[in-house]
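> Starting from the given sequences, assemble the full structure and let the hints guide the process.
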Amino acid sequence: FPAGTVSGAPKVRAMEIIDELENTKRSYYAGAVGYFSFSGNMDTCITIRTILVKGRDAFIQAGGGIVADSIPSREYQETVNKAKAMVRAIEIAERGLIS
Numbered sequence: 001f002p003a004g005t006v007s008g009a010p011k012v013r014a015m016e017i018i019d020e021l022e023n024t025k026r027s028y029y030a031g032a033v034g035y036f037s038f039s040g041n042m043d044t045c046i047t048i049r050t051i052l053v054k055g056r057d058a059f060i061q062a063g064g065g066i067v068a069d070s071i072p073s074r075e076y077q078e079t080v081n082k083a084k085a086m087v088r089a090i091e092i093a094e095r096g097l098i099s
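Each residue of the sequence shown is one higher than the one before, counting from 1 in the numbering used here.
Calculated from the structure, these hints are not laboratory results.
For each residue, glycine too, the CB sits at the ideal point set by N, CA and C.
A few of these clues could be false.
[Stated by the list, open to error] Pairs of lysine-lysine residues, derived as DSSO-like cross-links and limited to a Cα-Cα distance of at most 27 Å, are as follows:
no., residue 1, residue 2
1, Lys11, Lys25
2, Lys54, Lys25
3, Lys82, Lys54
4, Lys54, Lys11
5, Lys54, Lys84
6, Lys25, Lys84
7, Lys11, Lys82
[Claimed, not checked] Cβ pair distances, simulated, as ranges:
no., residue 1, residue 2, range
8, Asp69, Val33, 25 to 33 Å
9, Pro10, Ile98, 44 to 52 Å
10, Arg88, Ile18, 21 to 29 Å
If you want it as structure tokens, here you go:
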């Protein structure tokens, strides 16, 4: 772990590059979250957009899928848009708590 869809390939080298370039550990981002119920149900996912709240701080992580024909500026903007949506969700939640 993380899954190849969020680390890249070849996996070992991709993980080395991630470690070299990213100055913050991914924590839950790109990991697996799920549950198993007592009735036999299961639901899991790869966390591709996350908000980790520690005290009064919220840490937002989002990314995009880079492939051979990706346009870097568009991938960057897609990532920014995903993060902005999570910021907006926090703003809405804060208003609900204050009202």
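> So if I understand the rule, the pair passes when the alpha-carbon distance is 27 Å or less; does Lys11 with Lys25 pass?
holds (17 Å)
> Verify the CB-CB distance for Arg88 and Ile18 against the hinted window 21 to 29 Å.
holds (27 Å)
> Can the restraint linking Lys54 and Lys25 be considered satisfied, given a maximum Cα separation of 27 Å?
holds (15 Å)
> Please work out if Lys54 and Lys11 have their alpha carbons no farther apart than 27 Å.
The given pair, whose Cα atoms are some 31 Å apart, is violated under the 27 Å limit.
> Starting from Lys11, check that the Cα of Lys82 is at most 27 Å away, please.
OK: Lys11 and Lys82 at ~25 Å, within 27 Å.
> Lying within 25 to 33 Å: is that true of the beta-carbon distance Asp69 to Val33?
holds (31 Å)
> Is Lys82 close enough to Lys54, meaning Cα to Cα at most 27 Å?
holds (21 Å)
> Within 44 to 52 Å: is that where the Cβ-Cβ distance between Pro10 and Ile98 falls?
At 49 Å between Cβs, range holds.
> Verify the proposed pairing of Lys25 with Lys84, using a straight-line Cα cut of 27 Å.
holds (21 Å)
> Are the Cα atoms of Lys54 and Lys84 separated by 27 Å or less?
holds (19 Å)
Hint check: a violation occurs at hint 4 only; the rest are consistent with the structure.
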